[in-house]
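Start from the sequences, fold in the hints, and give me the full structure.
At position 228 of the sequence shown the residue is numbered 227 (numbering that gives the first Met the number 0), and the sequence of numbers has no breaks.
Be aware that one or more of the hints could be misleading.
Below are the EDC-like pairs computed for lysine to aspartate or glutamate, each with C-alpha atoms no more than 20 Å apart in a straight line [unchecked claim]:
id: 1; residue 1: LYS267; residue 2: ASP279
id: 2; residue 1: LYS280; residue 2: GLU147
id: 3; residue 1: LYS259; residue 2: ASP270
id: 4; residue 1: LYS280; residue 2: ASP112
Simulated DEER-style distance windows between Cβ atoms [what the hints assert, rightly or not]:
id: 5; residue 1: CYS256; residue 2: ASP175; range: 43 to 51 Å
id: 6; residue 1: LYS280; residue 2: ASN182; range: 32 to 40 Å
id: 7; residue 1: THR85; residue 2: VAL266; range: 17 to 25 Å
id: 8; residue 1: ARG179; residue 2: GLU23; range: 43 to 51 Å
id: 9; residue 1: LYS280; residue 2: ASN51; range: 42 to 50 Å
id: 10; residue 1: LEU4; residue 2: ALA260; range: 18 to 26 Å
It should be emphasised that the hints constitute simulated quantities derived from the structure, not laboratory data.
Using N, Cα and C, we set each Cβ at its ideal position, and we do this for glycine too.
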Amino acid sequence: MDGSLVLLKNHNAINYRTLDFLHETNQDYVVIGTIGMPGVGKSTVLNLLNTNLYSPDQSDKKAETIFPVHSAINIAGENEVRMHITEDRLILLDCCEPVFAHARKDFIQHEQDELKKLMILLRICHVIFVVQEEYYNIRLMRTLMWAEMMTQIHSELPTKLVFIRNKVISHSENHDPRERVINLYRQMFLNTPSFSVTSTSFGGDSGAQEEDIFNYIEFPVLQKGDTVVVTEHLKETILLLRQIVYAGRDTIMAHNCSEKAWGQALVKLIDCPESNFFIDKYEKLKEKYNLHNHVKIVEHSYRDPT
0 MDGSLVLLKN
10 HNAINYRTLD
20 FLHETNQDYV
30 VIGTIGMPGV
40 GKSTVLNLLN
50 TNLYSPDQSD
60 KKAETIFPVH
70 SAINIAGENE
80 VRMHITEDRL
90 ILLDCCEPVF
100 AHARKDFIQH
110 EQDELKKLMI
120 LLRICHVIFV
130 VQEEYYNIRL
140 MRTLMWAEMM
150 TQIHSELPTK
160 LVFIRNKVIS
170 HSENHDPRER
180 VINLYRQMFL
190 NTPSFSVTST
200 SFGGDSGAQE
210 EDIFNYIEFP
220 VLQKGDTVVV
230 TEHLKETILL
240 LRQIVYAGRD
250 TIMAHNCSEK
260 AWGQALVKLI
270 DCPESNFFID
280 KYEKLKEKYN
290 LHNHVKIVEH
300 SYRDPT
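Set out below in structure tokens:
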């Protein structure tokens with residue numbers, strides 16, 4: 000697949016033509032999604048994951064154009080999810096701004112949209128990149144935990160979370176706060192069976208010794224063009240990210256349905272939102288108490304002195 004295509008349009012409407020790129024019988028695939036605040040570099044991380052690190056011609060611009068990278072925060076917020084399938088069948092999903100966007104609608108609708116999008120990702124993704132510029136974003140983590148609790152059906156295979164701190168400058172690479180944050184994440188997700196926060200790595204001189212590593216990566220701040228001209232440090236970071244993504248792929252394949260069946264499950268999930276108790280209850284309460292209009296009146300009441 001060249002470039003990326005829109006999978007979910009505004010208000011989670013499915014672009015059915017995109018599903019034609021899914022194979023009928025293949026079960027060896029991994030679905031990767033991203034969440035994070037606007038402008039943290041979600042699209043850039045996915046582009047880097049797909050970069051050809053061993054290409055003799057590093058001036059190739061193909062990797063840059065898979066997912067569009069915005070030079071400024073999109074205030075309006077394009078409500079869409081774009082999809083790209085790599086040659087080794089990584090299905091990359093890039094969520095645009097509405098998930099944790101700065102564009103504030105009324106509070107009820109805004110919160111509901113965030114939860115819906117997150118619940119969809121938790122149901123369809125094997126791996127989710129949690130991209131942040133800071134060590135810990137409490138709003139992001141709180142909403143992620145809410146979405147997990149509101150998801151009624153969990154897969155036998157837990158969703159792998161990969162915590163990515165992006166745009167790290169060299170003098171801020173301090174191991175002490177990093178270790179404290181990793182310990183915080185370990186405690187947060189200790190008793191959450193629907194999430195996995197560690198991966199199996201092969202270390203030692205022979206490369207045969209297994210060890211569990213925490214899924215935490217720091218990407219350096221990139222200047223314009225660094226997505227093509229890959230430095231040695233950036234290359235090591237990308238390879239570590241790929242190692243985490245590919246760890247346990249055999250187990251994922253054993254639990255997978257076909258790509259086409261995955262697409263059909265996505266269609267059913269989008270077309271039948273009433274199947275989730277919490278979303279259905281949310282909609283009924285909003286209609287019963289007219290919450291949508293009520294919040295708007297409260298927010299803008301200061302404009303009318305009467």
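C-beta pair CYS256, ASP175: status relative to the range 43 to 51 Å that was hinted
holds, 44 Å
Outcome of range test on Cβ distance (LEU4, ALA260; 18 to 26 Å)
holds, 20 Å
Under the criterion that the straight-line Cα-Cα distance not exceed 20 Å, is the pair LYS280, ASP112 satisfied?
holds, 14 Å
Regarding ARG179 and GLU23, is the given constraint of 43 to 51 Å on their beta-carbon distance met?
holds, 48 Å
Go ahead and decide if the range 32 to 40 Å is satisfied by the Cβ distance of LYS280 to ASN182.
Since LYS280 and ASN182 have Cβ atoms about 36 Å apart, the given range 32 to 40 Å holds.
Within 20 Å, alpha carbon to alpha carbon, are LYS267 and ASP279?
holds, 15 Å
Proposed proximity, ASP270 with LYS259 (alpha carbon, max 20 Å)
holds, 17 Å
I want to verify a distance hint. Is the separation of the beta carbons of LYS280 and ASN51 within 42 to 50 Å?
holds, 48 Å
Has the given pair, LYS280 with GLU147, been kept, meaning a C-alpha gap of at most 20 Å?
holds, 17 Å
Taking the CB of THR85 and the CB of VAL266, does the distance hold inside 17 to 25 Å?
Holds, since THR85 and VAL266 (Cβ atoms, about 23 Å apart) stay within the stated range.
The earlier numbered hints are all upheld by this structure, with none contradicted.
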